[in-house]
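Given the coordinates of chain A, assemble chain B onto it according to the supplied hints.
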Amino acid sequence: MNRRTAWFLVAAMVLGALLVAETAERPALTNADRVHDLAGDFACPVCQGQSVAESDAPVARTIRATIRSMVDEGATDGEVRELLVSSFGEDIDYAPRGDGLTSLVWILPVLVLAMAGSGLAMAVRRWQGGAGKGRSAVGRPVVLTGVALVAVLAGLLMARSVGDRGRGDTLSGEIRLSTRTLLIEAGVAGPDEAIDLYGQVLEIQPSNVEALAYRGWALWRSGAAEWARADMADAVDLDPTYPDVRVFRASQRLADGDPVGAASDLVVLDGLDAPPIVGDLVAAAHLRERVAGELARGGGLLAALELLDSGLERDPGAASLLAERGWLLAGTGDPDLVALSLVSLDAAVLAGPDNPYALAYRALVNGVLLGRPEAAWEDSEAFFGLRDRPTGLADLLADQGLGPER
Amino acid sequence: MSPLRATTLVAGLLVAVLIGVLATRQSGPDQMRAHLVGQVAPPVVGTTIDAEVWDLDGQRGRWVVVNFFSTTCVPCIREHPELVAFAEDHVAADDVRVVSVAFDDSASAVEAFFRRNGGTWPVLAVDTGRIAVDWGVVAVPESYLVTPSGHVAAKVIGGVEQDDLEDLLDRARTSVG
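So the protein sequences, as listed, match chains A and B.
In terms of the working numbering, the first sequence opens at residue 1 and continues consecutively.
In terms of the working numbering, the second sequence opens at residue 1 and continues consecutively.
So that you can see chain A by itself, here it is in the shape it has in the complex (with noise of 0.2 Å):
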């Protein structure tokens, strides 16, 4: 046997093996099977790279509910995929049939492929015969060159026509995106690239609760306070349960001069099963103590109260707001409340003894207004000794005489 006979022998054998291997009778599937199964074979209409089987968009659960319904009424394959492509088009076909104008899509590429061979093969061989001759030399860099762009630009057409179908339309379909990596990105973004990503999101799932709430809260910490406010409106609309846009809607509010706003956006948070980091949150920023004390100063004392006690309702220990409570009472300067103040101003100072709130409120309360210097003294000194205490309220002791420097 020579060497080319031996070749040719090799050469059959992969190619049978490999038909066998496509020709081979598959197991029978299950109704689940084939339509996960078919449901991977088509595009989901508007999502980028991703089929009907890995979306979840609100068009791929239809899409794959339709197919399921039709496989357990007994539809074929060939039934299913011409219902979808009839109404969404060829191009949600990831294996579009050979006929027609999409059959250049299977034959082109192999007749391209088989002539460029061909041709490149006879140009090796032609230049390889005219070596030593001194022919063309220039040329042959050339010539490759210009299969090779052409060989690209043919590649990534093909790829554009039958990968990507997105509205975005990048030119390869390779990018498999979905509304939760897109999310995570716009956590980690700067706030335009955020609110870009967000849109992004948005597109896919115009009902994407959180891509709006932080949408929306991105716009407000850029300025655009109109859009945000259009978004933390629609977020609430769409999920009234979804804490996170609870705490930028009351921050929004406060800012805009609503705490009436701000507060019922706390309360209905304060009946939701938020995750701690939300409630963190709201007490890094002092943001219920700071709605009640907007209430408070607008004459709203009782719903400023009702907010502080709906948050020490989920936290009984929370020493800023026990403090904020007390403070909000002693500040109506009526006996009986300011000694009730007291009350609220001791639970603070015991939930949290290192809390500059509670011990700065209860020093004025007992300096200022009942006449306790002694005690007052005492909150004073453990104050100006935290490491980290408001300025605002170190200005307030020492306006009063209660500073270091006594």
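Take these hints with a grain of salt, some might be off.
Stated by the list, open to error - With a straight-line cut-off of 25 Å between C-alpha atoms, the simulated SDA-like cross-links for lysine to any residue are: (1) K155/B - E203/A; (2) K155/B - A93/B; (3) K155/B - D89/B; (4) K155/B - L168/B; (5) K155/B - D134/B; (6) K155/B - Q200/A; (7) K155/B - V84/B; (8) K155/B - L169/B; (9) K155/B - W121/B; (10) K155/B - D170/B; (11) K155/B - A6/B; (12) K155/B - P122/B; (13) K155/B - E90/A; (14) K155/B - R61/A; (15) K155/B - T174/B; (16) K155/B - G12/B; (17) K155/B - I77/B; (18) K155/B - L202/A; (19) K155/B - D95/B; (20) K155/B - L83/A; (21) K155/B - V176/B; (22) K155/B - W63/B; (23) K155/B - V85/A; (24) K155/B - D93/A; (25) K155/B - L36/B; (26) K155/B - G118/B; (27) K155/B - V37/B; (28) K155/B - P75/B; (29) K155/B - S86/A; (30) K155/B - G40/A.
Don't read these hints as lab results, they were simulated from the structure.
Chain B in isolation, oriented as in the chain A frame:
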């Protein structure tokens, strides 16, 4: 002509055809959006949230606005008052009917949505996935104007406004004659 030149020429021609076809073919979303206008409207049959059977074929002789929506979609929430105003303006003449088809939504949410926001037209909320697929709905809101003969006259992607719907209706009436 040498074999090499002939091969190169044929290959070049084929590549040119391939590039031409791929570069000039219409992209997917555009194809999808235009595909129903002028054609016979796909079926819309089902049970409404008021437990009545509703069939688009039974509306022949009247214009029909087929509105696909979801209670969790912001543009759908925004367009609803416009649809209510449009429907109310045509109650007396009874020349246009509106039907809403819920898209990927629950019947209870749809019922609550209509109770809260008004709208007395038929609403299909159960097993509507096949209807949406038949109409090629990819994202809501989408609305279609169906002629009295049962053909799709126009498609609106996004929220509708009452004035725009009236304009659309006037133009469609003129073109249908």
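Would you list, in rising numerical order, the hints stated earlier that this structure does not obey? 11, 16, 30
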